[in-house]
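Chains as they are written, first to last, in UniProt numbering: chain A, 1 to 251; chain B, 1 to 251; chain C, 1 to 251; chain D, 1 to 251; chain E, 1 to 251; chain F, 1 to 251.
Any given hint could be a false lead.
Below, a sample of chain B positions facing chain C; criterion: calculated Cβ distance under 7 Å [said to hold, decoys possible]:
#: 1; residue: Val51
#: 2; residue: Met55
#: 3; residue: Gly89
#: 4; residue: Glu205
#: 5; residue: Pro214
Straight line, CA to CA, 30 Å or less: simulated DSS-like cross-link-like pairs of lysine-lysine [unchecked claim]:
#: 6; chain 1: B; residue 1: Lys86; chain 2: D; residue 2: Lys86
#: 7; chain 1: C; residue 1: Lys151; chain 2: C; residue 2: Lys109
#: 8; chain 1: F; residue 1: Lys58; chain 2: E; residue 2: Lys84
#: 9; chain 1: A; residue 1: Lys86; chain 2: A; residue 2: Lys157
#: 10; chain 1: C; residue 1: Lys84; chain 2: E; residue 2: Lys84
#: 11; chain 1: F; residue 1: Lys109; chain 2: F; residue 2: Lys151
#: 12; chain 1: E; residue 1: Lys151; chain 2: D; residue 2: Lys86
#: 13; chain 1: F; residue 1: Lys58; chain 2: F; residue 2: Lys151
#: 14; chain 1: C; residue 1: Lys86; chain 2: A; residue 2: Lys86
#: 15; chain 1: F; residue 1: Lys86; chain 2: E; residue 2: Lys86
#: 16; chain 1: D; residue 1: Lys84; chain 2: B; residue 2: Lys84
#: 17; chain 1: D; residue 1: Lys58; chain 2: D; residue 2: Lys151
#: 18; chain 1: B; residue 1: Lys157; chain 2: B; residue 2: Lys58
If you want the ones that stay clear, here's a sample from chain D, every Cβ over 10 Å from chain E, calculated [what the hints assert, rightly or not]:
#: 19; residue: Val51
#: 20; residue: Arg53
#: 21; residue: Met55
#: 22; residue: Arg60
#: 23; residue: Val83
#: 24; residue: Thr115
#: 25; residue: Trp147
#: 26; residue: Gly155
#: 27; residue: Gly175
#: 28; residue: Val204
#: 29; residue: Gly229
#: 30; residue: Ala232
#: 31; residue: Ile237
No wet-lab data here; the hints were simulated from the structure.
Heads up, the beta-carbon is just placed ideally off N, CA and C, and yes, glycines get one too.
Number of protein chains: 6
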Amino acid sequence: MTDTTRADGRTADQLRPVTIERGWSRQAEGSALISFGNTRVLCTASFTNGVPRWMAGKGRGWVTAEYAMLPRSTNERMDREAVKGKVGGRTHEISRLIGRSLRAVVDMKALGENTIVLDCDVLQADGGTRTAAITGAYVALADALEWGRQKRFIGQKATPLIDSVSAVSVGIIDGTPMLDLAYVEDVRAETDMNVVVTGRGLFVEVQGTAEGAPFDRSELNNLLDLALGGTAELAGIQQTALASSALGIEG
Amino acid sequence: MTDTTRADGRTADQLRPVTIERGWSRQAEGSALISFGNTRVLCTASFTNGVPRWMAGKGRGWVTAEYAMLPRSTNERMDREAVKGKVGGRTHEISRLIGRSLRAVVDMKALGENTIVLDCDVLQADGGTRTAAITGAYVALADALEWGRQKRFIGQKATPLIDSVSAVSVGIIDGTPMLDLAYVEDVRAETDMNVVVTGRGLFVEVQGTAEGAPFDRSELNNLLDLALGGTAELAGIQQTALASSALGIEG
Amino acid sequence: MTDTTRADGRTADQLRPVTIERGWSRQAEGSALISFGNTRVLCTASFTNGVPRWMAGKGRGWVTAEYAMLPRSTNERMDREAVKGKVGGRTHEISRLIGRSLRAVVDMKALGENTIVLDCDVLQADGGTRTAAITGAYVALADALEWGRQKRFIGQKATPLIDSVSAVSVGIIDGTPMLDLAYVEDVRAETDMNVVVTGRGLFVEVQGTAEGAPFDRSELNNLLDLALGGTAELAGIQQTALASSALGIEG
Amino acid sequence: MTDTTRADGRTADQLRPVTIERGWSRQAEGSALISFGNTRVLCTASFTNGVPRWMAGKGRGWVTAEYAMLPRSTNERMDREAVKGKVGGRTHEISRLIGRSLRAVVDMKALGENTIVLDCDVLQADGGTRTAAITGAYVALADALEWGRQKRFIGQKATPLIDSVSAVSVGIIDGTPMLDLAYVEDVRAETDMNVVVTGRGLFVEVQGTAEGAPFDRSELNNLLDLALGGTAELAGIQQTALASSALGIEG
Amino acid sequence: MTDTTRADGRTADQLRPVTIERGWSRQAEGSALISFGNTRVLCTASFTNGVPRWMAGKGRGWVTAEYAMLPRSTNERMDREAVKGKVGGRTHEISRLIGRSLRAVVDMKALGENTIVLDCDVLQADGGTRTAAITGAYVALADALEWGRQKRFIGQKATPLIDSVSAVSVGIIDGTPMLDLAYVEDVRAETDMNVVVTGRGLFVEVQGTAEGAPFDRSELNNLLDLALGGTAELAGIQQTALASSALGIEG
Amino acid sequence: MTDTTRADGRTADQLRPVTIERGWSRQAEGSALISFGNTRVLCTASFTNGVPRWMAGKGRGWVTAEYAMLPRSTNERMDREAVKGKVGGRTHEISRLIGRSLRAVVDMKALGENTIVLDCDVLQADGGTRTAAITGAYVALADALEWGRQKRFIGQKATPLIDSVSAVSVGIIDGTPMLDLAYVEDVRAETDMNVVVTGRGLFVEVQGTAEGAPFDRSELNNLLDLALGGTAELAGIQQTALASSALGIEG
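Kindly produce the complete structure, drawing on both the sequences and the hints.
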């Protein structure tokens with residue numbers, strides 16, 4: 001791995017400072033305010049006993065997600081999607097990615113007929129909002145599942161969590177593969193990849209896009225190496241957050 | 001004024017603890033994360049040089065506001081307005097109220113052809129979200145105007161701020177007029193009033209609604225007394241916040 | 001009260017000529033075409049046996065309202081909200097105000113599981129459309145309730161009407177408080193207030209807005225005095241209209 | 001022609017009573033409140049100097065129309081299209097029909113670069129709303145053109161009106177062709193036809209639909225005979241209305 | 001009938017080459033790719049056992065249609081209606097016409113509580129898309145009904161098809177009535193008429209519009225003569241298509 | 001690579017039969033009806049001289065794409081997105097993928113200020129619609145660029161095409177990696193990956209998703225091997241199609 005120093009002083013394989021304020025919201029069954037550097041995402045998990053009608057009677061649960069950005073989370077103010085009257089393509093795409101990523105670590109049978117909605121609202125954006133959202137949503141999800149277990153909506157023995165999950169972006173900038181791109185790096189990246197990985201190191205999603213020049217097999221391999229390193233580190237941070245006592249959660 | 005103690009231990013004429021984290025956002029020209037007890041609203045002010053086309057050439061500026069609630073800011077998750085494809089009536093109404101309230105203290109001539117958009121996003125709701133939004137938006141607005149002055153988009157002499165503005169809710173519960181209602185109080189109030197007052201103690205908006213029984217002239221007067229007391233206190237808190245150095249603002 | 005003469009020759013505390021054509025519509029269970037001077041609003045009340053599903057089984061009724069303006073009710077043609085694909089903020093706000101105002105005088109228990117929808121369509125606008133709408137909607141509502149009683153959807157003993165309700169606008173123009181503003185007055189008003197009052201003289205809504213300069217306590221009191229005078233007069237006109245035999249109602 | 005008596009006592013070839021209150025609106029450049037029996041449509045014509053951008057610079061004008069029904073113009077209340085967020089197929093279809101019908105009698109060159117929007121709002125519906133709308137809209141159009149001529153937006157010599165235009169419905173009920181169907185007749189008609197005819201007796205639109213059994217050539221001919229009789233009578237009523245002095249029009 | 005030769009060499013009373021690829025879709029219960037010259041429309045019929053809830057329990061079926069154009073079916077690309085977020089007036093109007101035309105030849109009692117949706121998607125447009133759609137949709141409908149009979153969703157004895165149905169456009173160009181207008185002819189037509197006729201020669205719809213000058217009774221008659229000749233020919237082509245073995249249908 | 005035989009008799013590394021009807025549309029500047037087995041997508045390329053306003057004056061072109069499915073392209077009829085009034089998340093996501101994929105092989109400088117819109121409409125769906133769309137859109141794009149060169153909207157020397165591009169799906173079914181999944185395979189796949197590759201064998205997009213169990217590094221590598229084989233074959237088929245003379249293109 002290269003030692004190139006970046007604008008913010010990181011090495012190519014270094015994450016930005018990551019913080020997780022678990023239990024930030026007093027209302028939600030699970031919540032986390034996660035920061036990847038200046039990127040801040042408020043993740044809440046809403047637990048509802050029961051499933052949408054089209055799923056009822058199958059003994060299986062449902063996990064879904066919605067992602068959005070506050071209008072002034074970005075450098076230039078964006079119009080609100082509610083005001084425009086429609087959800088944009090990028091928003092849809094990221095919401096779907098978050099939902100798939102979290103479902104990959106939940107045993108829907110063990111969840112039973114319960115629904116969890118993960119809301120990931122970007123309060124401040126500086127690159128990597130979708131990967132921060134997935135990483136924070138996992139913490140909110142874990143707390144919401146524990147809430148459901150304590151309320152006896154979920155069986156007491158088997159936990160619905162099969163594994164943990166986190167995500168990180170990687171990219172090639174001036175020919176150098178780098179981990180966890182900040183916004184200024186992201187716009188310059190020739191290739192941009194978001195990788196979602198379980199706590200055991202298995203891939204849930206690999207989404208690589210040539211923004212500039214197409215990439216070859218060895219570049220792809222270098223990026224995957226970086227991503228596996230980053231997500232392993234994030235898995236540890238998640239574990240630490242979940243081991244401590246949360247802000248808004250009464251013992 | 002009565003001494004009735006409330007669920008949270010306050011007297012009838014007591015505000016909840018109010019905090020203002022000025023400069024919470026690194027992106028916006030002005031911002032404040034304001035709390036009225038458990039109600040938390042992120043207010044950002046976006047300054048744009050220029051005005052909408054229909055206003056151009058008149059030498060006057062424009063101030064407008066948008067209010068929204070995060071889906072899980074409330075006790076039960078609400079559907080997103082962006083997903084529903086339309087902005088609801090209550091949202092519209094509050095956005096318009098905030099805009100009018102802030103415009104009341106801005107000299108549009110002195111602002112010149114500049115536009116300020118105030119975004120008030122409720123992160124956590126426990127009653128009084130619109131009054132917290134107005135109170136916080138004023139702080140964000142003041143910083144955005146200062147930013148515009150430093151960037152020389154605004155003339156250096158006269159400040160566009162005519163006065164300060166804050167807001168508070170009052171209501172009658174079990175016959176007793178009370179200040180700054182929390183959610184559990186709000187749902188029980190027979191009469192609910194939102195009052196917007198300038199730093200000099202003049203009314204900008206008086207919106208009283210009989211939720212239960214209609215009210216008489218003396219009840220109205222008691223509520224206005226309470227509101228004037230509360231907004232005077234809020235004006236002091238705003239002044240203190242603006243006198244200190246802000247979080248995200250570089251000297 | 002001042003004697004200032006206005007553009008249309010009225011004194012400051014004088015209503016415009018008010019007419020109510022009760023039973024204008026042959027289709028609706030109750031209706032009134034009301035005029036406040038050149039402002040004309042067609043109010044219909046649609047009575048449905050039953051309530052929306054989320055309210056069923058509680059033995060209580062529901063009253064709601066929708067307000068709209070014909071595209072050429074105004075001096076310049078406005079685009080239709082149906083064509084724009086969304087209901088505007090002002091429309092929403094007024095619809096909600098009308099609904100709240102009428103609900104304030106209906107005993108929902110006595111109404112039983114019945115729904116009344118009030119449609120207030122402005123055919124011609126010259127200021128005060130929302131106050132004319134509330135005043136006319138009350139007449140339509142009273143007839144619809146009588147229709148429901150005759151059809152035995154409503155119990156025969158207790159009437160669901162607790163009181164009557166009417167509304168009027170007041171405002172300060174060139175320092176003078178005035179009653180029932182016409183459009184040319186409304187645009188010049190420094191302060192504009194809509195006041196909804198029951199037949200017994202109690203407040204249902206007080207909505208005062210500083211359009212120009214903020215207002216003080218004594219100005220507020222003057223405006224409330226004017227409004228109470230105007231609504232008392234309107235209550236009398238409503239009573240007269242309801243005492244006579246209606247146009248479209250067969251004995 | 002048969003002598004069959006109808007529910008309302010008319011013969012098969014008889015129009016319902018037709019009234020035209022010309023100049024009903026004080027705001028519009030032309031207007032007419034037209035009744036075909038209990039069907040009442042408020043037609044306004046809005047004259048704007050200039051044309052939409054895509055038409056500019058060709059020296060030609062534009063005439064268009066919008067049709068809508070008030071929610072309680074019908075026997076059962078309908079939801080508002082603005083609330084549903086979209087204009088329905090039937091509404092679209094009728095708006096387009098009205099626009100085409102009126103354009104057929106306007107010389108767009110003589111109109112010059114001016115736009116006329118015809119709004120036809122059904123206040124009460126009892127069959128034949130689209131034909132009443134066309135017939136009333138012609139009167140509103142004629143007055144708006146005269147207004148434009150007086151304001152010198154239109155050349156003084158040639159009038160843009162080539163001819164007059166009116167419309168009527170015809171249908172076959174229990175084998176008998178009938179003129180100007182009321183709602184109770186319309187729902188029973190096997191074949192329903194709307195015919196738009198100029199003052200000179202030429203066809204602008206012929207829209208025949210087999211609601212029940214398909215129809216043959218001789219039935220079609222009988223219906224056209226009836227329609228030509230009815231529209232000739234309507235042309236006379238229009239002429240009379242335009243010859244008298246209008247309500248809202250100052251001499 | 002005149003012998004005028006047209007741009008594509010046809011006589012005034014000649015159809016363009018018509019082809020029907022029956023069973024083009026492997027998915028639909030009935031389908032046809034129909035061409036009227038360069039106009040190509042893919043018609044599918046989707047058979048569902050059951051009817052919409054508001055129709056249930058009456059022992060009657062339902063047939064409806066949706067028409068749309070691919071964005072580049074035309075000479076200049078059009079925006080997609082899905083992207084614009086609403087269905088346009090013309091699209092609505094044609095969808096309704098197709099639905100009515102097909103319902104005219106179906107016995108809803110014999111269909112029983114089954115629903116058929118006809119989708120007519122224009123792949124390439126060169127005039128007459130709605131008439132091609134009706135003509136092709138009939139073939140798709142016939143196959144879907146046969147599928148329903150084989151699946152025993154429809155009674156085995158009486159067929160729900162009362163008659164066949166086809167449609168053609170006619171118009172007057174430079175004073176000459178012509179059959180089956182291609183796009184270049186359509187834009188020049190003074191009068192344009194779409195006529196829907198059953199196999200037995202009865203009218204289902206007659207929609208004539210004066211695009212240029214209004215038309216008289218004898219012109220109308222000439223157009224109807226042409227249309228009856230054209231639809232008789234189309235009925236024969238439909239019959240031939242339905243007699244042969246279809247592409248995608250397994251014996 | 002394994003020799004497992006599939007439902008349709010293919011080996012694991014075998015594409016379905018691929019056909020490209022180049023120049024299928026007479027209207028579009030470039031077009032191709034592409035089949036991957038029973039999946040059929042109509043791809044058109046619309047060439048417009050000029051770019052959207054926000055891009056003007058930079059000497060660079062723009063390529064974008066829209067994907068949609070006909071309502072009965074699938075086994076069960078889907079509602080039209082135009083009727084639902086919004087474009088779904090999956091549609092948005094695929095449209096964006098196609099656009100990015102094609103832009104990766106176009107030199108925007110050499111394209112100059114011209115816009116190409118690729119419309120990919122799925123006429124029949126049997127798995128792999130997005131990969132067939134990308135592969136077919138490339139052919140349509142190549143013809144549209146040639147059209148632009150002949151019309152002299154594009155410089156004559158350097159071609160804007162940097163490389164060709166095609167796409168294929170791969171997935172793991174019962175533990176076996178397989179190429180070009182048909183619908184019945186797709187729903188059973190544990191892992192599903194869409195890979196977009198240039199003619200030179202470089203990656204443009206790699207989108208792998210664990211639908212069932214997460215996947216490890218060696219599974220990922222096997223899937224990439226298969227995809228590179230498939231896209232190399234598709235590149236050859238594209239080349240052959242472009243070398244032959246097209247259907248609708250006049251020499």
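Results for each hint:
1. Residue-level restraint check for Val51 (chain B) is violated (minimum Cβ-Cβ distance to chain C is 20 Å; threshold 7 Å).
2. The criterion of a C-beta within 7 Å of any C-beta in chain C is not met by Met55 (chain B), whose closest approach is roughly 17 Å, and the hint is violated.
3. With a least beta-carbon distance of about 3 Å to chain C, the hint placing Gly89 (chain B) at the interface is held under the 7 Å criterion.
4. Checking Glu205 (chain B) against chain C: minimum C-beta separation of about 6 Å stays under 7 Å; hint holds.
5. Annotation: Pro214 (chain B) was flagged as interfacial toward chain C, and the flag holds, the nearest CB pair being 3 Å apart, inside 7 Å.
6. For a cut-off of 30 Å, the pair hint linking Lys86 (chain B) to Lys86 (chain D) stands: about 12 Å separates their Cα positions.
7. The straight-line distance between the Cα atoms of Lys151 (chain C) and Lys109 (chain C) is roughly 18 Å, inside the 30 Å bound, and the hint therefore holds.
8. As the CA atoms of Lys58 (chain F) and Lys84 (chain E) are separated by approximately 28 Å, the hinted pair is consistent with the 30 Å bound.
9. Restraint check for Lys86 (chain A) and Lys157 (chain A): not satisfied, since their Cα atoms lie roughly 42 Å apart, outside the 30 Å limit.
10. Using a Cα cut-off of 30 Å, the hinted pair Lys84 (chain C) and Lys84 (chain E) holds, with the two alpha carbons roughly 12 Å apart.
11. Under the criterion of a C-alpha separation no larger than 30 Å, the hint pairing Lys109 (chain F) with Lys151 (chain F) is consistent with the structure, at around 18 Å.
12. At roughly 38 Å between alpha-carbon atoms, Lys151 (chain E) and Lys86 (chain D) are farther apart than 30 Å, so this suggested pair is violated.
13. The hinted pair formed by Lys58 (chain F) and Lys151 (chain F) meets the criterion: a straight-line CA distance of about 21 Å does not exceed 30 Å.
14. A C-alpha spacing of about 12 Å is found between Lys86 (chain C) and Lys86 (chain A), which places the hinted pair at or below 30 Å, so the restraint holds.
15. Proposed proximity of Lys86 (chain F) and Lys86 (chain E) is supported: the alpha carbons are some 8 Å apart, at most 30 Å.
16. Distance restraint check for Lys84 (chain D) and Lys84 (chain B): the Cα-Cα separation of roughly 12 Å lies within the 30 Å cut-off, and the hinted pair is therefore satisfied.
17. Pair hint Lys58 (chain D) plus Lys151 (chain D) holds up; C-alpha atoms about 21 Å apart against a cutoff of 30 Å.
18. Restraint check for Lys157 (chain B) and Lys58 (chain B): the C-alpha separation of about 20 Å stays at or below 30 Å, so the hint holds.
19. Residue-level check passed: Val51 (chain D) sits 20 Å from the nearest beta carbon of chain E, beyond 10 Å.
20. The claim that Arg53 (chain D) is not at the interface with chain E holds, since no C-beta of that chain comes within 10 Å of its own (minimum 17 Å).
21. Against the 10 Å criterion, Met55 (chain D) stays outside the reach of chain E, whose nearest CB is about 17 Å from its own CB.
22. For Arg60 (chain D), the non-interface assignment is confirmed: its Cβ lies about 14 Å from the closest Cβ of chain E, beyond the 10 Å cut-off.
23. Residue placement check: Val83 (chain D) keeps its beta carbon more than 10 Å from all beta carbons of chain E (closest about 15 Å).
24. Look at Thr115 (chain D): its CB is around 18 Å from the nearest CB on chain E, clear of 10 Å, so calling it non-interface holds up.
25. Listed as a non-interface residue, Trp147 (chain D) keeps its Cβ farther than 10 Å from every Cβ of chain E; the least gap is roughly 26 Å.
26. Once the 10 Å rule is applied to beta carbons, Gly155 (chain D) is consistent with being away from chain E; the minimum gap is 22 Å.
27. Against the 10 Å criterion, Gly175 (chain D) stays outside the reach of chain E, whose nearest CB is about 15 Å from its own CB.
28. Chain E draws Val204 (chain D) into its interface by the beta-carbon criterion, the shortest separation being 5 Å against a cut-off of 10 Å.
29. With a minimum CB-CB distance of about 13 Å to chain E, Gly229 (chain D) clears the 10 Å threshold, and the non-interface call stands.
30. Taking the minimum C-beta to C-beta distance to chain E, about 14 Å, the non-interface status of Ala232 (chain D) holds against the 10 Å cut.
31. Distance to chain E confirms Ile237 (chain D) as a non-interface residue, since its nearest Cβ pair spans about 20 Å, more than 10 Å.
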